[in-house]
Amino acid sequence: MTLRELVDSGLFQVVNRGEELDRTVDRVFCCDLLSVAMCNAPAGCAWVTVMGNINTLAVVALTDAACVILAGGVQLDPPAAQRAVQQGITVLATDQPVFEAALAVHQRLHG
Amino acid sequence: MDESLTLHFTVPPDDFTRAGEASSSTKATLKQLGLPADVIRRVSIVMYEGEINMVIHANGGEITVTISPDQITMVLKDAGPGIPDIQQAMQAGWSTASGAARDLGFGAGMGLPNMKKCADTLDIDSTVGVGTTVTAVVRL
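Residue numbers (our numbering), protein chains in the order written: chain A, 1 to 111; chain B, 1 to 140.
Derived from the structure by calculation, the hints contain no laboratory data. By construction, the Cβ of each residue, glycine as well, lies at the ideal position given by its N, Cα and C atoms. Incorrect hints may have been included.
Label pairs and their in silico Cβ distance ranges [as the list claims (entries may be wrong)]:
1) Ser4/B <-> Asp22/A: 35 to 41 angstroms
2) Ala28/B <-> Gln75/A: 24 to 30 angstroms
3) Gln87/B <-> Leu11/A: 45 to 51 angstroms
Sequences are here, hints too, so could you generate the full structure?
Quick look at the structure:
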């Protein structure tokens, strides 16, 4: 699935439509501890988390995650929202809890 | 690359919003140089964890990155409180991070273990009351 397909799927609120929308999203990764995510988030993943601060975006950028999905009704704080736009990072959001959000992506990836 | 390239960064104290700037800048440089994705990722992780540690524990510090034909050397130097027990600090899960740091998703006690995992060599020279210098090498 391309990032564009995920963004346009209607599964999630589009907080920021980033760059490189034609890149592939090939798996889902869930984690809220940033150091753990930093070391383990695979490149090209859709990362589901409830952490919506500016450091979340740093982890997305440094791990080459395809996008971040904020679960549980979490929103980016204002500095993070600004950074997402600046760096062209795709940010999606949902009121669903982490598991349900990740499952929705997984089902889209694997039918 | 025939010659070494040196990058220098100052990590400001107590500013979580700027942590990651040195890592991002280094990553961009390594990408421009066309280095392998795995090397870039490992260097990025070492740099980011180092930056976060400096912000959380050491009132900021200085980072020097030397990119040579055969390796990337990162020297992270701070004048913070020092690490009383390095062996303990290297244990996954051990942390002295503040509540504020934990609220932001840090303080899992994974910083130094992550750096060790991603670097080919990691040396820590620390004196309590003087500061800490971490030298990490990722070989090409």
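Results for each hint:
1. For the pair serine 4/B and aspartate 22/A, the beta carbons lie near 36 angstroms from each other, so the given range of 35 to 41 angstroms is met.
2. Checked against the given bound of 24 to 30 angstroms, the beta carbons of alanine 28/B and glutamine 75/A, roughly 28 angstroms apart, stay inside it.
3. For the pair glutamine 87/B and leucine 11/A, the beta carbons lie near 46 angstroms from each other, so the given range of 45 to 51 angstroms is met.
The structure shown violates none of the earlier numbered hints.
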